[in-house]
Amino acid sequence: MVRETVPFPKFVAYERVSTARQGRSGLGLEAQRKAIDDFAASRGADVLARFTEVESGRKNERPELAKALILANLTGATLVIAKLDRLSRNAAFLLTLRDSGARFAACDMPEANDLTVGIMALVAQQEREAISRRTKEALAAAKARGAKLGNPNSAAALRRAGKGGETLREAVARNADEFAEELRPVVDSLRSDGVIASRHRGCLERKWYDDQA
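With our numbering applied, the sequence shown corresponds to residues 520 to 732, in that order.
This list has only true hints and no planted wrong ones.
Pair by pair, the computed Cβ-Cβ distance ranges are:
(1) 703 with 633: 24 to 32 Å
(2) 537 with 641: 21 to 29 Å
(3) 620 with 549: 29 to 37 Å
(4) 662 with 641: 29 to 37 Å
(5) 553 with 618: 24 to 32 Å
(6) 662 with 637: 35 to 43 Å
In silico lysine to aspartate or glutamate, EDC-like type, Cα no more than 16 Å apart, as pairs:
(7) 553 with 627
(8) 602 with 557
(9) 602 with 549
(10) 602 with 630
(11) 602 with 627
(12) 553 with 565
(13) 602 with 556
Simulated from the structure, these hints should not be mistaken for lab results.
Ideal Cβ placement from N, Cα and C applies to all residues, glycine included.
With these hints in hand, go ahead and build the complete structure from the sequences.
What follows is the structure, given as structure tokens:
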């Protein structure tokens, strides 16, 4: 009797720090890396690649996360993070993650799924709208009292902030060629190891997120 070989699960790790200074010093990354490595070891999983982002959690344009999601889809791997709140508290971003087509796991919330992220997205959006509303009300009250506001364009600034930045889907579509070239060495290495079949050779030339629409 021939026994079938059960493949080990595959992970693509995503790590994030909020400032360039943290990124250079490694502050916070070591703890995230340990959490991910322990999580992978407990499940007998291989970490195929790591992507480290250095930026603000309120920005939706995250090139490293976009590349991690693309690689996860190409390899059938699971995107894994140390803490779910390290991805974003922005509703639009969380919903993009949910709809990306990639499997994901959080070390601090291993039971999280699409429904969990969807609920978190709604709560995050409500919180952000409440903060924006209270800020506008405070500015209006100060103006009514005759106070001079420091920024004469504060209302316009608030409107711009409320609209948010470019979405992850838009960022990936705009930078698809650049992402493909940066990921090519990783994918070629994984292909030589048999992780990715040769039939996926043309995948990097596709605008991956366009296929998800």
